[in-house]
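Chemist: These are the residues of each chain, in order.
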Amino acid sequence: MALRDTRPRSGNSFYLRLINPYDPIMWDIDLVFPIYEEPEPIEPPEFTYEDFMTHCKEFYGFIEEHKTLYGLYNALVHVARGIVSYKQLGQDDYMWKYLVSMYVAHHMEMAMARLKNQADEISMTPEKPKEKKIEYHFDKRKDEEYFSKTKYGFAFWSTYEPYLKWRLLGSYTSRSAH
Amino acid sequence: MSEKHWEQLKNGAPIYDEEGNVYGFENKLIYDKKSGRFILTIDAVKNELNVNLTEIRESHENARAFLDELSLLLYSYIYKKKNPVLRRKKEYYLTFDLRNRRILYECMIDMLRYSFYSGGNIMAYQPGVNLNETGEINIEELRNERIVSYVTDSLLKTNFLVDRNFVEDFQEIEEDWRE
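Those protein sequences? They're chains D and X, same order as listed.
Quick note: the first sequence uses the numbering used here, first residue 14, plus one each step.
Quick note: the second sequence uses the numbering used here, first residue 12, plus one each step.
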């Protein structure tokens, strides 16, 4: 913090101090901040392929190395690590891994539906398969609707929401409470 | 990309072996450079189904033309399910993956079996008009789904050959591999 240096350097300022020595503008101020010890950051555990397979066997064969969705899977795990709070869940490893799996699976299913593209929107071919239409609804995001588009998202949100209710208090509900 | 670009595929193999036959399928398949398709040989039909196509079709050329048509039907069925921009990549995948080559072979044999049992392949070229009834028969669904037999369809579906996108990760090759 930069303070104004009021020490007399010229004849005028020396004279001002002399005639008005107790004016606060002449004070020298030293600010001393207390130094707090930073708490150790709470790091969530590693999230592995086996953890994901424990909860979502359906994606076997799609997300391994040298498969098309390998990159997408890794990116989603990275995102989910930031979204699902390990601290908020009371540092419960099993619950955290379950919720990360559900979040990743929700977005994997959405991405696979886009790749599948039954209605063939991303195509220059004019002819479309008959009676194969997908309807999309774009709306202001509401978490409950957003996550209820897939089974995984529903499982994620219905489990994670009770924990989030307590996020402002900095505490969490135990699993036995509900 | 290295000279052996097919090695990026898990079951990659060159088109031809050292003797100039189709790799792994000598006397069973031939590769048509012009259309980029594998075609059954007359010997393979005889060995698999005990059917002499040359006799049935009355000449060697007719039999070859029939097998070429069969190959075209199968390939077009596979390509139809794929996004058009992925067609070339798909052709590469079908050509250089040894596992796909085996599936194509089995499918063509099965389509032949199908055609002997119930006229299968003819369905693809039916106009859908019954002149005796002068009415319209809706065979659009049949044309879409039943160009190939039920068994062939299962073979293709369980081997990811009619998916909209690729499950295996590989790069498209710039150079012309048909030469």
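Keep in mind that the hints were calculated from the coordinates and are not lab data.
Some clues are possibly wrong.
Claimed, not checked - Chain X is nowhere near these chain D residues, computed Cβ spacing over 10 Å in every case:
no.: 1; residue: Pro37
no.: 2; residue: Trp40
no.: 3; residue: Asp64
no.: 4; residue: Tyr107
no.: 5; residue: Gln131
To be verified - When the alpha-carbon atoms are kept at most 16 Å apart in a straight line, the in silico EDC-like pairs for lysine to aspartate or glutamate are as follows:
no.: 6; chain 1: D; residue 1: Lys129; chain 2: X; residue 2: Asp174
no.: 7; chain 1: D; residue 1: Lys80; chain 2: X; residue 2: Glu186
no.: 8; chain 1: X; residue 1: Lys21; chain 2: D; residue 2: Glu122
no.: 9; chain 1: X; residue 1: Lys101; chain 2: X; residue 2: Glu37
no.: 10; chain 1: D; residue 1: Lys164; chain 2: D; residue 2: Asp106
Heads up, the beta-carbon is just placed ideally off N, CA and C, and yes, glycines get one too.
Chemist: With reference to the structure, classify each hint as holding or not holding.
Modeler: Structure-based check of each hint:
no., hint, result
1, Pro37, "holds (71 Å)"
2, Trp40, "holds (70 Å)"
3, Asp64, "holds (22 Å)"
4, Tyr107, "holds (31 Å)"
5, Gln131, "violated (8 Å)"
6, D/Lys129 x X/Asp174, "holds (8 Å)"
7, D/Lys80 x X/Glu186, "violated (23 Å)"
8, X/Lys21 x D/Glu122, "violated (26 Å)"
9, X/Lys101 x X/Glu37, "violated (23 Å)"
10, D/Lys164 x D/Asp106, "violated (22 Å)"
Violated hints, listed in ascending order, are 5, 7, 8, 9, 10; each of the other numbered hints is respected by the structure.
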